[in-house]
Amino acid sequence: MSVGHIARGFEESGISTVVIAVEPFLKRLEIMSLPRTLLTDNLIGRVLGSPHDTSYQRKVLEKAVKLLSSADKNGTVEHI
Amino acid sequence: MSENTKSPETFEEFRKSFFYGSRSDMSFKFLDHLSDEQGADFLQKLFRDVITSIDTGDTDLLKQTVLEGQAAAHAHPDTFSYSEGTFAPFTVNPADAKFTMLTSSGHYPAYNDPEPLGIKEMSQSEAERRIFDFLKEKPVLSEIPFSISPDELKVRHGGYDTRASLEDPNVTFPWQRMNELQEDGVIGRLTENGYSFIGACSQKRLMKDVIPEWIRLMKENGVDGAILIPV
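Going down the list, the sequences are from chains A and B. Its first residue numbered 1263, the first sequence is counted upward by one per residue in the working numbering. Its first residue numbered 3, the second sequence is counted upward by one per residue in the working numbering.
None of these hints come from the bench; they were simulated from the model. Wrong hints could be hidden among the right ones.
Stated by the list, open to error - Once the Cα atoms are required to be at most 27 Å apart in a straight line, the calculated DSS-like pairs of lysine-lysine come out as:
#1 A:Lys-1289 x B:Lys-140
#2 A:Lys-1289 x B:Lys-65
#3 B:Lys-138 x B:Lys-18
#4 B:Lys-206 x A:Lys-1289
#5 A:Lys-1335 x B:Lys-138
#6 B:Lys-138 x A:Lys-1289
#7 B:Lys-122 x B:Lys-100
#8 B:Lys-65 x B:Lys-138
#9 B:Lys-65 x A:Lys-1321
#10 B:Lys-206 x B:Lys-122
To be verified - Computed beta-carbon distance windows for the label pairs:
#11 B:Pro-10 x A:Glu-1340: 44 to 52 Å
#12 A:Lys-1335 x B:Arg-165: 31 to 39 Å
#13 A:Asp-1303 x B:Thr-54: 31 to 39 Å
#14 A:Asp-1334 x B:Lys-221: 17 to 25 Å
#15 B:Arg-165 x A:Glu-1340: 44 to 52 Å
#16 B:Asn-114 x A:Asp-1303: 28 to 36 Å
#17 B:Phe-82 x A:Asp-1334: 36 to 44 Å
#18 B:Glu-194 x A:Glu-1340: 28 to 36 Å
#19 A:Asp-1334 x B:Thr-54: 54 to 62 Å
#20 A:Asp-1334 x B:Gly-120: 23 to 31 Å
#21 B:Ile-121 x A:Lys-1335: 43 to 51 Å
#22 A:Asn-1336 x B:Lys-221: 15 to 23 Å
#23 A:Lys-1289 x B:Pro-214: 24 to 32 Å
#24 A:Lys-1335 x B:His-78: 22 to 30 Å
No residue lacks a Cβ here, since even glycine has one placed at the ideal position from N, Cα and C.
Take these sequences, add in the hints, and give me the full structure.
This is the structure we're talking about:
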């Protein structure tokens, strides 16, 4: 919820954002009408997966960067 | 011999005890938000899947079951809702752009503890005990250099299970991976600092007093794109 408000504020001021969140937060994020959301199928508190899974962490961030530049409208949601 | 007049614990009381109660558990506190029937179904499936996972050695089934429970608890949010979205087009090539990262994970540098609620060296267990005090507080942003060493990076947050973050901060504050993206040219530059705060805070104070300050900070740092990670 807090990060959703930050994303909306940043976007209104012209700063592009991408939110990386776990899937259980999907409904909560959807009702905040965020511009770009990348969902991971991980437990709350483990957004980028298990500790020390560096290749997965890298993959998530690369996908987030791509989503930041490829999304052309508000409400774009992708899964990884 | 005294007579024990205490009533047997109900299933509802059992469920709710995981939410900052006698069995407080940040990974299973969602049991509080389920009905008795949902909670019973969840536990029955969890017990069944424990045995299947032992038999097969595959823990993905357990992870999926817990995920479903966490998702069910968050399926009907009754908080802030917006009918219209905001969208700032990202018009820069990522390889030429300046990025930052901001998370609600509660990370901070060991040498600059934000001392939440005015308490020095607050423990994780105290943060959990005082979660409802945090929800009234104005959030404090910790500035964390992307060059920080792992032993200088600390985490404390009364709203989620921090064990994975303690083992490897990159699961909620992936500063080392962000550095690698910069080194490999995937992104152009990073701001000097990444940012983190405790997401369990007063939403009104966040929106009214804090976000405008943080926007100014991002503008001063020339941020083109922000990776935001709610925890």
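**Asked** When you take the CB atoms of Lys-1335 of chain A and Arg-165 of chain B, is the distance between them in 31 to 39 Å?
**Response** The hinted range 31 to 39 Å holds for Lys-1335 of chain A and Arg-165 of chain B, with Cβ atoms some 38 Å apart.
**Request:** For the pair supplied as a hint, Lys-206 of chain B and Lys-122 of chain B, confirm whether the alpha-carbon distance does not exceed 27 Å.
**Result:** 26 Å, holds
**Range hint compliance [Cβ, Asn-114 of chain B to Asp-1303 of chain A, 28 to 36 Å]** = With a Cβ separation near 34 Å, Asn-114 of chain B and Asp-1303 of chain A satisfy 28 to 36 Å, so the hint holds.
**Asked** When you check the alpha-carbon spacing of Lys-1335 of chain A and Lys-138 of chain B, does it fall within 27 Å?
**Response** 34 Å, violated
**Request:** May I ask you to test the hint 22 to 30 Å on the CB atoms belonging to Lys-1335 of chain A and His-78 of chain B?
**Result:** 26 Å, holds
**Glu-194 of chain B paired with Glu-1340 of chain A, Cβ distance criterion 28 to 36 Å** = 29 Å, holds
**Asked** Should the hint that Asn-1336 of chain A and Lys-221 of chain B are 15 to 23 Å apart at their CB atoms be regarded as holding?
**Response** 21 Å, holds
**Prompt:** Honestly, do Lys-1289 of chain A and Pro-214 of chain B meet the 24 to 32 Å range at C-beta?
**Reply:** Given a distance of about 28 Å, which is inside 24 to 32 Å, the answer is holds.
**Asked** Does the Cβ pair Ile-121 of chain B, Lys-1335 of chain A satisfy 43 to 51 Å?
**Response** 45 Å, holds
**Request:** Would you check the hint for Lys-122 of chain B and Lys-100 of chain B, treating anything up to 27 Å between C-alpha atoms as holding?
**Result:** 35 Å, violated
**Request:** Can you let me know if the beta-carbon spacing of Phe-82 of chain B and Asp-1334 of chain A is within 36 to 44 Å?
**Result:** 25 Å, violated
**Request:** Take a quick look at whether Lys-1289 of chain A and Lys-65 of chain B sit within 27 Å of each other, Cα to Cα.
**Result:** 20 Å, holds
The structure shown violates the earlier hints numbered 5, 7, 8, 13, 15, 17, 19, 20.
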